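Trainee: Sequence:
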Amino acid sequence: MSPLIKTDKDYASWIEELSQRYRKNQIKAAIHVNSEMLQFYWSLGRDMVTLHAESRWGDKILKSLSDDLRKAF
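Here the working numbering is used: position 7 in the sequence shown is 7, and no number is missing along the way.
These aren't lab readings, by the way, just hints derived from the structure by calculation.
Given the structure is predicted, the values throughout are model-derived calculations rather than measurements.
Don't take each hint at face value.
Okay, the calculated beta carbon distance ranges per label pair [to be verified]: (1) S64 to H32: 28 to 36 Å; (2) W14 to Q39: 34 to 42 Å; (3) Q26 to M48: 28 to 36 Å; (4) L69 to A29: 45 to 53 Å.
Every residue, glycine too, gets a C-beta built ideally from N, C-alpha and C.
All chains should be built: construct the whole structure from the sequences, respecting the hints.
Mentor: If you want it as structure tokens, here you go:
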């Protein structure tokens with residue numbers, strides 16, 4: 001940057017505002033992602049309890065599910 005731009009108070013103020021807006025939006029995005037992941041894990045747990053209680057796929061369903069999800073992700 002040229003020295004002229006670095007000393008301009010309006011420019012410095014604008015950069016500070018941009019930085020604050022960027023950080024604010026990063027936090028909002030992280031909160032949204034965390035909320036969505038929490039909902040996913042809650043529903044996964046509910047499904048696991050239901051399917052395990054039904055004994056639909058045998059005793060080792062939780063181990064198989066764990067292994068398969070690790071491979072997929």
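Trainee: With reference to the structure, classify each hint as holding or not holding.
Mentor: Hint by hint, here is what the structure shows:
1. Range check, S64 to H32: about 32 Å between beta-carbon atoms, so the 28 to 36 Å window is met.
2. Our hint of 34 to 42 Å for W14 and Q39 holds, since their Cβ atoms are close to 38 Å apart.
3. Our hint of 28 to 36 Å for Q26 and M48 holds, since their Cβ atoms are close to 32 Å apart.
4. At about 24 Å, the CB distance of L69 to A29 disagrees with the hint of 45 to 53 Å.
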